[in-house]
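J.: Please work from the sequences and hints to get the whole structure.
Chains A and B are the protein sequences, given in the same order.
If you read the first sequence in this note's numbering, its first letter stands for residue 1, the second for the next number, and so on.
If you read the second sequence in this note's numbering, its first letter stands for residue 275, the second for the next number, and so on.
By construction, these hints were calculated from the structure, which means they are not laboratory data.
On a predicted model such as this, the values are computed, not experimentally measured, just so you know.
Heads up, some of the hints might be wrong.
Derived coverage of chain A by chain B (criterion: at least 3 residues anywhere in the stretch with Cβ under 8 Å from a Cβ of chain B; other residues may be distant) [as the list claims (entries may be wrong)]:
| no. | region |
| --- | --- |
| 1 | 77-90 |
| 2 | 156-167 |
From the structure, some residues in chain B lie toward chain A, with a derived Cβ separation under 8 Å [unchecked claim]:
| no. | residue |
| --- | --- |
| 3 | R316 |
| 4 | V320 |
| 5 | A323 |
| 6 | G329 |
| 7 | A331 |
| 8 | A332 |
| 9 | L336 |
| 10 | L339 |
| 11 | F357 |
| 12 | D360 |
| 13 | V565 |
We treat Cβ as the ideally placed atom computed from N, Cα and C, and that holds for glycine.
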Amino acid sequence: MSVLRRNSFDSAAAASRCRRYRRRVLEISRRVGALHIATAFSCTEIVDAVYHGLMRGSGEGPDSFLMSKGHGAIMLYVVLEDLGVLGRADLDAYCTEGGRLGAHPDFGVPGVAAASGSLGHGLSMALGMALAERVSGGGGIVHCLLGDGELQEGSTWEAVATAASLGAGNLVAVVDANGFQSAPWRTRDSFPAFYPLGAKFAAFGWEVAEVDGHDGAALVAAVHGRRGDRPLMVVAETVKGRGVSFMADSTAWHYKVPKDDEYARALAELEEPA
Amino acid sequence: MRSAFSETLYGCAREDRRIVLLGADVLPPGGIGRLREEDQARFVNVGIAEQAMIGIAAGMALKGLQPFAYTMATFSLFRPFEFVRDDLCYQNLPVTVVGMGAGIAYTTLGATHQAQEDVAVAGALANMRILAPCDPAETAAATAWCATQRSGPVYLRLGKAGEPDLTAAADEPFAFGRLRWLRRPTQAAQAGAAQAGTSVAILSYGPILAKAAALAERLRDAGRTVSLASVHTLKPLDEAAVVAALAAHDTVVVIEEHVARGGLAAEVVRLAWESRATCALHRFTLKDEFVHCYGTPDQGLAAHGLSVEAFATALGV
Chain A
1 MSVLRRNSFD SAAAASRCRR YRRRVLEISR RVGALHIATA FSCTEIVDAV
51 YHGLMRGSGE GPDSFLMSKG HGAIMLYVVL EDLGVLGRAD LDAYCTEGGR
101 LGAHPDFGVP GVAAASGSLG HGLSMALGMA LAERVSGGGG IVHCLLGDGE
151 LQEGSTWEAV ATAASLGAGN LVAVVDANGF QSAPWRTRDS FPAFYPLGAK
201 FAAFGWEVAE VDGHDGAALV AAVHGRRGDR PLMVVAETVK GRGVSFMADS
251 TAWHYKVPKD DEYARALAEL EEPA
Chain B
275 MRSAFSETLY GCAREDRRIV LLGADVLPPG GIGRLREEDQ ARFVNVGIAE
325 QAMIGIAAGM ALKGLQPFAY TMATFSLFRP FEFVRDDLCY QNLPVTVVGM
375 GAGIAYTTLG ATHQAQEDVA VAGALANMRI LAPCDPAETA AATAWCATQR
425 SGPVYLRLGK AGEPDLTAAA DEPFAFGRLR WLRRPTQAAQ AGAAQAGTSV
475 AILSYGPILA KAAALAERLR DAGRTVSLAS VHTLKPLDEA AVVAALAAHD
525 TVVVIEEHVA RGGLAAEVVR LAWESRATCA LHRFTLKDEF VHCYGTPDQG
575 LAAHGLSVEA FATALGV
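T.: Right, here's the structure in full:
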């Protein structure tokens with residue numbers, strides 16, 4: 001089955017979907033300020049690949065996806081909208097009174113596996129979900145998306161060490177390594193001791209794969225090719241703000257809202273090629 | 275109490291495969307340990323990693339399981355506080371956080387191991403319920419309730435070991451959310467005492483209720499008519515029963531192994547004010563201090579001013 005699925009991940013179709021997802025994020029950004037555009041753009045291909053290449057079902061089946069970097073929620077919502085789990089009206093009411101979608105995932109929203117937003121929680125919850133699959137014999141794989149910034153949370157490393165010790169082979173984590181966080185400096189410059197990232201997880205007994213985080217096919221292949229006897233950490237090298245030249249590789253668009261001309265320029269860059 | 279918890283949970287776990295025990299290096303003695311041999315996936319020692327323990331418990335509950343997260347109260351509630359808040363309470367998941375050795379039970383280990391403010395901390399959290407049984411039998415009943423409820427998180431506040439039986443002859447059974455009268459005078463005696471102005475109600479919870487029972491005896495010996503209640507459910511508090519107790523007695527005494535702020539005594543004061551109670555009210559709580567007493571638990575409580583002698587003196591008997 002895994003071979004079939006790998007072959008079935010169509011990179012061209014994924015690229016088209018991801019352009020569309022980014023355009024939708026920008027469209028929503030016109031109406032509300034509480035948006036993390038750049039962080040959504042760094043994980044676009046990852047979330048797309050999880051839902052279109054890895055998960056059996058959209059969260060209602062045995063497999064799960066937990067977005068530990070909760071500030072990427074808008075990308076999750078956009079993908080869930082595309083899959084029909086959330087409605088257009090839901091996203092149009094993003095961060096408004098009466099809407100049910102906030103800037104961080106809220107438990108109870110269709111398709112949202114767990115409430116997140118406070119960093120350093122998601123990996124433990126994902127591990128618990130993976131262990132629960134063992135108890136119930138459900139056979140589900142649990143996918144978890146981490147930000148590289150939340151690797152600074154000690155609780156993340158409690159989960160890292162515990163997951164490997166407990167042999168959670170049905171846990172697949174991906175680090176969106178975009179190299180920036182809230183402070184205006186590169187994470188690599190502020191916290192050089194965290195690098196290289198992959199070696200840290202390998203030292204704790206995880207299988208580690210390193211991929212271009214904007215190549216969904218590579219991510220899918222890495223996950224399908226895993227050993228399965230221990231948790232897998234995919235270090236996905238990404239570019240914050242990827243997809244729009246003037247948003248890329250900068251912290252400026254962590255919170256910023258595009259002005260009219262910026263919106264137009266960004267949309268132009270994300271048009272489907274003729 | 276630990277053993278009663280453990281044996282009861284094991285019985286429940288045999289009936290319900292959703293029940294899972296998570297421990298953080300400190301594990302319950304006896305009973306539930308057998309689960310480790312029978313179904314290893316349902317008895318998980320996460321090591322000294324309490325934030326992970328609470329997160330894992332949440333993840334398991336999200337998948338439909340019924341986890342118990344067990345360690346000493348300081349480490350099951352205080353260390354992973356924000357995980358308890360966000361992962362369990364915000365998501366309103368049926369996870370029982372077991373705070374073992376709560377209050378100042380671990381006198382010899384010092385204040386790092388003493389949870390003297392856990393009721394205030396847990397009680398401030400939306401969706402959280404608090405159960406604080408007073409003896410092994412009540413612990414068994416509370417544990418069984420936790421194991422069978424699906425409505426949200428619970429903080430189960432336990433003592434350690436060797437607590438005496440206080441409830442075998444109780445007037446009322448354990449019922450979640452209900453103040454439990456352990457001893458009440460006959461209606462005639464109560465009416466007579468009310469006329470004479472000698473009726474006393476003592477409200478307490480947890481292992482210190484043994485001292486409350488001893489005080490009750492002293493008061494009876496001195497001619498008072500005494501009612502004694504285990505307020506095992508601290509949240510949601512049985513407010514109607516507290517208000518009724520305030521109205522029906524000349525004197526109400528609250529005894530708790532917890533600081534004054536955010537505990538039962540503070541709630542009783544609030545209810546007394548709101549219900550315009552006219553009874554005398556005596557509150558005995560831990561001090562707002564870290565007391566450096568490394569003796570027995572009784573000596574530690576005495577250093578906080580909590581002894582039967584101190585209570586009796588304050589009440590003039």
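J.: Compare the structure with each hint and give your call.
T.: Hint check:
1. Residues of the region 77-90 of chain A lying with their CB closer than 8 Å to a CB of chain B number 0, which falls below the three-residue condition for coverage.
2. Check on the region 156-167 of chain A: 6 of its residues sit with their Cβ under 8 Å from a Cβ of chain B, so the three-residue criterion for coverage holds.
3. The interface hint given for R316(B) is met, as the beta carbon of that residue sits about 6 Å from the closest beta carbon of chain A, less than 8 Å.
4. The closest approach between the C-beta of V320(B) and any C-beta of chain A is roughly 5 Å, which is under the 8 Å cut-off, so the hint is satisfied.
5. Checking A323(B) against chain A by beta carbon gives a least distance of about 4 Å; that is within 8 Å, so the hint holds.
6. Using the Cβ-Cβ criterion of 8 Å, the hint placing G329(B) at the interface with chain A is satisfied: the shortest such distance is roughly 2 Å.
7. At about 6 Å, the closest approach between the beta carbon of A331(B) and any beta carbon in chain A falls short of 8 Å, and the interface hint on this residue holds.
8. The criterion of a C-beta within 8 Å of any C-beta in chain A is met by A332(B), whose closest approach is roughly 5 Å, and the hint holds.
9. Interface hint status for L336(B): upheld, as the beta-carbon distance to the closest one in chain A is roughly 6 Å, under 8 Å.
10. The beta carbon of L339(B) is positioned within 8 Å of a beta carbon in chain A (closest approach about 5 Å), and the interface hint is therefore held.
11. Taking 8 Å as the C-beta contact cut-off toward chain A, the hint placing F357(B) at the interface holds, the least distance being around 6 Å.
12. Annotation: D360(B) was flagged as interfacial toward chain A, and the flag holds, the nearest CB pair being 5 Å apart, inside 8 Å.
13. Nearest Cβ of chain A to the Cβ of V565(B): about 30 Å, over the 8 Å cut. The hint is violated.
Of the hints listed earlier, those the structure fails to meet are numbers 1, 13, in rising order.
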